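A.B. asks: Listed below are the residues making up each chain.
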Amino acid sequence: MSDKTYASETIIVPDRTLAVNSKTNMASDIKDGIKDVSPILFAIVPFAAVFGAVAIESGLSFGETMLTSLSIYAAASQYVMIDLMGQNVPAWSIVLAVFAVNFRHVLYSASIGRTMGAFSPLQKALAFFLLVDPQFASSESRAAKSGLRPAYYFAYAAMIYSTWLAANCIGALFGSLIESPYDYGLDFILPLYFTGLVAGFHKRPNFIPVLAISASISLLAWFTVGSPWHITLGGIAGLITAAALSKPAKGNTKEETANA
Amino acid sequence: MHDNTVLLILACALATYATRTGGHLVLSRFGTTHHRLEAALEAVPTAVLAALVAPSLVTNGPAEALSIVIAGIIALRYSLMLSVLSGIICLIALRWLLA
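Respectively, the protein sequence lines represent chains D and U.
For the record, in the first sequence the residue sitting at position 196 is 196 according to my numbering, with numbers rising by one throughout.
For the record, in the second sequence the residue sitting at position 49 is 309 according to my numbering, with numbers rising by one throughout.
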């Protein structure tokens, strides 16, 4: 069926569209998945390409860079891993930092898992592997609108995953051609990226006290016990601050309506 | 660089997958969680990333410190991409000026 017929049916005879929809569920799920993901792809390309270049510049081989993106598939934590590898900190603290940065996914999977009734266990296992931030956001809204089915989820995921890897590959190939990363500020892109991420959380409850305590304790640890304890201790201090300042059943209302 | 980079990458991948399945397998079994626990979970990315970036602010030169401040301010209003880009441009310009 051509796009044109489909569109005109949607407008003129909505009842028939429903019937058509149930028959061509899979086709329209795939089409919607690709439509919803398209704007996201433009945002992913630069981060993926820069990751490739920075990973190569930090001493990872091309194969290791691709393996990172293929197996971890979580931009922020991959940047963290690269950054810490360059600082020569013990392996356990790198894995712990990656775990901590990815901790938000625990909340995502708890929430999206409830809408995956149409998924087989194997499909669920694969779906959770692909659960990146935009995937979560779009799947939640899809689930609320018309139910979440595997065809939509995996069409959306396949587009991000393949774009992510392709842009990564290009970045890694061209990254090795950059002779003086210092002149382009490439050596400092990781702290800038982390700063941008942190500032993006500024609407969360008690953002300023958490930020201030985490940063202060981190610096204290950095200059006394040394790396990598600044991440662990600074992080834990921030969590304690957030827990201590939390008030029951307040400030969560906005998020709950957004999820509903 | 670590001796066993591939193993380290795979361990990080496993840790990531654990977070992506963990919520469904563990957290969804408990009904409601305590508000303090929820607040702490919500604060994880802010706390960890702030702790990670704090030393970069003071252990480098003025060009680096200022570019971090710029990236942070831009990210309050605009996209992450624009924030990183502003930080980089500021850094390149300052390094060139102060060199």
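Hints are computed from structural coordinates only; laboratory data are not their basis.
Since the model is a prediction, treat every value here as computed from it, not as a measurement.
Some hints here could point you the wrong way.
Said to hold, decoys possible - Which bits of chain U does chain D cover? Going by a derived footprint, with three or more residues having C-beta under 8 Å, they are:
id, segment
1, 274-284
2, 295-306
3, 309-318
4, 325-338
5, 341-348
Claimed, not checked - Taking CB as the label site, the calculated pair distances span:
id, chain 1, residue 1, chain 2, residue 2, range
6, D, PRO46, U, GLY321, 25 to 35 Å
7, U, TRP356, D, VAL225, 30 to 40 Å
8, U, TRP356, D, SER120, 49 to 59 Å
9, D, SER180, U, ARG289, 52 to 62 Å
10, D, LYS145, U, HIS294, 27 to 37 Å
As the list claims (entries may be wrong) - So these bits of chain D aren't anywhere near chain U, every CB distance computed over 10 Å:
id, residue
11, ASP83
12, VAL95
13, GLN123
14, LEU173
15, VAL225
16, GLY234
17, GLY238
18, ALA243
Ideal placement from N, C-alpha and C gives every residue a C-beta, glycine not left out.
A.B. asks: Of the hints stated earlier, which fail here?
C.D. replies: Violated hints (numbers, rising): 11, 12, 16, 17 and 18; every other hint is consistent with the structure.
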